[in-house]
Amino acid sequence: MPEPNLMRDAMIPRGEAVQSAEHAPLKLHVPEPAVRPGGTPDFSNIRIPRAGQVDRPEIDVDSEAIRDLAFSVIRVLNREGKAVGPWAGTLSDSELLEGLRHMMTLRAFDARMQMAQRQGKTSFYMQHMGEEAVSCAFRKALLPGDMNFPTYRQAGLLIAGGYSLVDMANQIYSNTHDPLKGRQLPVMYSSRQHGFFSISGNLATQYIQAVGWAMASAIKNDTKIAVAWIGDGATAESDFHAALVFASTYRAPVVLNIVNNQWAISTFQGIARGGSGTFAARGLGFGIPALRVDGNDYLAVHAVAKWACERARRNLGPTLIEHVTYRVGAHSTSDDPAGYRPKTESEAWPLGDPVIRLKNHLIVRGVWSEERHKQTEAEILDTVTSAQKEAESYGTLHSEQRPSARDMFEGVFAAMPPHLRRQRQEAGV
Amino acid sequence: MPRRTMIEAIRDAMDVMMSRDDDVVVFGEDVGYFGGVFRASQGLQAKYGTNRCFDTPISELGIVGIAVGMAAYGLKPCVEIQFADYMYPAYDQIVSEAARLRYRSNGQFTCPLVVRMPTGGGIFGGQTHSQSPEALFTHVCGIKTVVPSNPRDAKGLLISAIEDPDPVIFLEPKRLYNGPFDGHHDRPVTPWSKHDLGEVDDGHFAIPLGSAAIRRPGKAVTILAYGTMVHVAETAATETGVDAEIIDLRTLLPLDLDTIESSVKKTGRCVIVHEATLTSGFGAELCALVQTRCFYHLEAPIARVAGWDTPYPHAQEWDYFPGPARIGRALIETLEA
Numbered sequence: 022m023p024e025p026n027l028m029r030d031a032m033i034p035r036g037e038a039v040q041s042a043e044h045a046p047l048k049l050h051v052p053e054p055a056v057r058p059g060g061t062p063d064f065s066n067i068r069i070p071r072a073g074q075v076d077r078p079e080i081d082v083d084s085e086a087i088r089d090l091a092f093s094v095i096r097v098l099n100r101e102g103k104a105v106g107p108w109a110g111t112l113s114d115s116e117l118l119e120g121l122r123h124m125m126t127l128r129a130f131d132a133r134m135q136m137a138q139r140q141g142k143t144s145f146y147m148q149h150m151g152e153e154a155v156s157c158a159f160r161k162a163l164l165p166g167d168m169n170f171p172t173y174r175q176a177g178l179l180i181a182g183g184y185s186l187v188d189m190a191n192q193i194y195s196n197t198h199d200p201l202k203g204r205q206l207p208v209m210y211s212s213r214q215h216g217f218f219s220i221s222g223n224l225a226t227q228y229i230q231a232v233g234w235a236m237a238s239a240i241k242n243d244t245k246i247a248v249a250w251i252g253d254g255a256t257a258e259s260d261f262h263a264a265l266v267f268a269s270t271y272r273a274p275v276v277l278n279i280v281n282n283q284w285a286i287s288t289f290q291g292i293a294r295g296g297s298g299t300f301a302a303r304g305l306g307f308g309i310p311a312l313r314v315d316g317n318d319y320l321a322v323h324a325v326a327k328w329a330c331e332r333a334r335r336n337l338g339p340t341l342i343e344h345v346t347y348r349v350g351a352h353s354t355s356d357d358p359a360g361y362r363p364k365t366e367s368e369a370w371p372l373g374d375p376v377i378r379l380k381n382h383l384i385v386r387g388v389w390s391e392e393r394h395k396q397t398e399a400e401i402l403d404t405v406t407s408a409q410k411e412a413e414s415y416g417t418l419h420s421e422q423r424p425s426a427r428d429m430f431e432g433v434f435a436a437m438p439p440h441l442r443r444q445r446q447e448a449g450v
Numbered sequence: 024m025p026r027r028t029m030i031e032a033i034r035d036a037m038d039v040m041m042s043r044d045d046d047v048v049v050f051g052e053d054v055g056y057f058g059g060v061f062r063a064s065q066g067l068q069a070k071y072g073t074n075r076c077f078d079t080p081i082s083e084l085g086i087v088g089i090a091v092g093m094a095a096y097g098l099k100p101c102v103e104i105q106f107a108d109y110m111y112p113a114y115d116q117i118v119s120e121a122a123r124l125r126y127r128s129n130g131q132f133t134c135p136l137v138v139r140m141p142t143g144g145g146i147f148g149g150q151t152h153s154q155s156p157e158a159l160f161t162h163v164c165g166i167k168t169v170v171p172s173n174p175r176d177a178k179g180l181l182i183s184a185i186e187d188p189d190p191v192i193f194l195e196p197k198r199l200y201n202g203p204f205d206g207h208h209d210r211p212v213t214p215w216s217k218h219d220l221g222e223v224d225d226g227h228f229a230i231p232l233g234s235a236a237i238r239r240p241g242k243a244v245t246i247l248a249y250g251t252m253v254h255v256a257e258t259a260a261t262e263t264g265v266d267a268e269i270i271d272l273r274t275l276l277p278l279d280l281d282t283i284e285s286s287v288k289k290t291g292r293c294v295i296v297h298e299a300t301l302t303s304g305f306g307a308e309l310c311a312l313v314q315t316r317c318f319y320h321l322e323a324p325i326a327r328v329a330g331w332d333t334p335y336p337h338a339q340e341w342d343y344f345p346g347p348a349r350i351g352r353a354l355i356e357t358l359e360a
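Going down the list, the protein sequences come from chains A and B. To get our numbering, take the position in the first sequence, counting from 1, and add 21. To get our numbering, take the position in the second sequence, counting from 1, and add 23.
Isolated chain A (complex conformation):
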């Protein structure tokens, strides 16, 4: 005999599909990427204008007047390696050479740390291959005191901001010199001094916090601005939408970056984007100027960043930037892209490699050569390797040299409350 409630439930009719002569049966739409493993990579659906074609509006432009920028791609470097069009010219040769060095350092550091994870020296790693220009170039548009609210794939902000490679490795190894005392997953860095907010690891939460930080700066009549970062997949989180509402309402001095690297772990960007055409277009309904930029073009990223930061600093409010790029590597050390996209897809990516493009530009400019590039690559590898060695002298994840169990109880509150003191005592540390 079933429970009375179950009997009653059983009597409720279960949605039998109703056939109608007037309407065809409804169908659920689930977006699919153009190609899956085994297929031939195809990016023909990505419309890429020629470099130099997109206008550079005044920074006080009305967002309505530049709606088309949310559907185009701002590019500076053309196929011949020349910087062309109205967005060119924001950086000197020596600044560009420094930028190249930052990207090469990030790439070399990634390679070493990826290897270190495979060797069991840490639990986890996330690399930037293909996306180095986005964070490295953006960082150079910021001033001291500005604050980034990054995701886990913007370590270029730290490298271009002069943060120590040894401290990065210390954090990744969770060793005795880890600035975060072993409390955070590898690559979830934090450095207030370098304008780098603590990475949560929960996606999108930092986006709305950046807006709050920017509002605070405005409340205090400060001149500092905030910069928010998010990936294409995480724009589906409510935090992203709340951030756009608040940024729009209070005209917060914040730059809202979306790094569209085409893949959210195994999920192609169409699942988060839905029918909106581009991620940048999300900003239009909020009256936020929205631009798309070639994320593999160091010069273009810097020019757009500078434009948006200047808007924020002049009290003109938020700007949304979609960086169109491609995640060449896996999402993290825990997935294999061969399971969800063609192996050769990255080679077909139409915007090329950010390091090679900047290198070629500098060669065209006559300030760089293949030889100097190789030489610099070797120098950087030396620097990175010696930083890694120094960090390893302070321990790696499974070595004896790691933060103490006593540290685990510290810093939950400013002052340790009695119940935590009792627990620490019980743990005997």
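Treat the hints as calculated values from the structure; they're not laboratory data. Owing to the predicted nature of the structure, the values given are computational and were not obtained by experimental measurement. All C-beta atoms, glycine included, are put in the ideal place defined by N, C-alpha and C. Heads up, some of the hints might be wrong.
Below are the SDA-like pairs computed for lysine to any residue, each with C-alpha atoms no more than 20 Å apart in a straight line [as the list claims (entries may be wrong)]:
#1 A:K241 / B:K242
#2 A:K410 / A:S185
#3 A:K241 / B:D45
#4 B:K70 / A:S185
#5 A:K241 / B:R75
#6 A:K241 / B:T73
Residues on chain A that point at chain B, a partial pick, calculated with CB under 7 Å [what the hints assert, rightly or not]:
#7 N66
#8 R122
#9 L201
#10 I229
#11 V232
#12 W234
#13 M236
#14 V266
#15 F267
#16 R294
#17 G432
#18 V433
#19 A435
Chain A is already provided as a structure; the job is to place chain B on it using the hints.
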């Protein structure tokens, strides 16, 4: 001494702190121009300007999310969630962000933030205006949880909460806003102006977080309560004539375990009362702590009186509410055990 309602005391606490510290900002839904649906922030925008007190979009996630960013910048936001029942969209920002920011950044970023929210039932608010979610906060490492039971405590505790260097959840029993509620919904409300604890000093005074108060001394049994239930428990003790000692916890985390322990060791009996649902409620934690600390002094099983494990109903509000009759029965059963 001036007498204030609980709402006036809360408003006064924010006023005092806003005038003492330029970094204190107050915002939430309907909080600015109108002064909040319960009028807790009435007059603050006119006095301090829209830079310090303003209306927000209807987004609890957004309210707490920007507050975390502001706190990281160096402000001290004191925000309102219109009803505790609406806090769930903000829960991730509270649990994963506000609560852990100090820890995960090793103190580089901190989160001195107060989230005020009206809590509890007794106003025919149905399931979306009546909940008591305190256990969802006490289970989280890195935040403090406060529940005042009267105007004087509300002011002193809110000042401490705003001054605290870490995030504090400040739950305001809305049934107490205008007067101490004795648990008899069919009787007239006693206004705070006729109650000793409605006497609230002007200016700045702080009641430290983590200290309980003995509301009624007694020898026969210890009642652990907070918020509205402190007053309902007092009614139950008076009506049954049981010589109960009533401890008003005031702060659930950090908890004043010493005051609890010495009382239960004295009485040998303990009844725990809360309005929130029973299962996995804060009473379960109290029960575990009391039996660990006082096992050899206990002469009866620890009793819990709480809301039933159902959603908060509308028409059956007073069947749901753990009123004086249910508490009275628990007191007598505990004495007779």
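Hint-by-hint comparison with the structure:
1. Taking the CA atoms of A:K241 and B:K242, the gap is near 55 Å; set against the 20 Å cutoff, the hint is violated.
2. For a cut-off of 20 Å, the pair hint linking A:K410 to A:S185 stands: about 13 Å separates their Cα positions.
3. Straight-line distance between C-alpha atoms of A:K241 and B:D45 comes to about 9 Å, which keeps the hinted pair within the 20 Å bound.
4. Pair hint B:K70 plus A:S185 does not hold up; C-alpha atoms about 47 Å apart against a cutoff of 20 Å.
5. Restraint check for A:K241 and B:R75: the C-alpha separation of about 10 Å stays at or below 20 Å, so the hint holds.
6. Between A:K241 and B:T73 the alpha-carbon distance is near 12 Å, which keeps this suggested pair within the 20 Å criterion.
7. With its C-beta approaching chain B no nearer than about 33 Å, A:N66 sits outside the 7 Å limit, and its interface hint is violated.
8. Contact between A:R122 and chain B, as hinted, is not supported at the beta carbon level, the nearest pair being about 27 Å apart and thus beyond 7 Å.
9. Hint on A:L201 holds. Least Cβ distance to chain B is approximately 5 Å, under the 7 Å limit.
10. Annotation: interface hint on A:I229 holds; nearest CB of chain B at approximately 3 Å, less than 7 Å.
11. At about 6 Å, the closest approach between the beta carbon of A:V232 and any beta carbon in chain B falls short of 7 Å, and the interface hint on this residue holds.
12. Hint status for A:W234 relative to chain B: holds, with the closest Cβ pair at about 4 Å, below 7 Å.
13. Against a cut-off of 7 Å between C-beta atoms, the interface hint on A:M236 holds, since the closest Cβ of chain B lies about 6 Å away.
14. Contact between A:V266 and chain B, as hinted, is supported at the beta carbon level, the nearest pair being about 5 Å apart and thus within 7 Å.
15. Hint status for A:F267 relative to chain B: holds, with the closest Cβ pair at about 5 Å, below 7 Å.
16. Because the closest C-beta pair between A:R294 and chain B is about 21 Å apart, greater than 7 Å, the hint is violated.
17. Taking 7 Å as the C-beta cut-off, the interface hint given for A:G432 holds, the closest approach to chain B being about 5 Å.
18. The restraint placing A:V433 at the interface with chain B holds, with a minimum CB-CB distance near 5 Å, inside the 7 Å limit.
19. Against a cut-off of 7 Å between C-beta atoms, the interface hint on A:A435 holds, since the closest Cβ of chain B lies about 4 Å away.
Hint violations for this structure: numbers 1, 4, 7, 8 and 16, all remaining hints satisfied.
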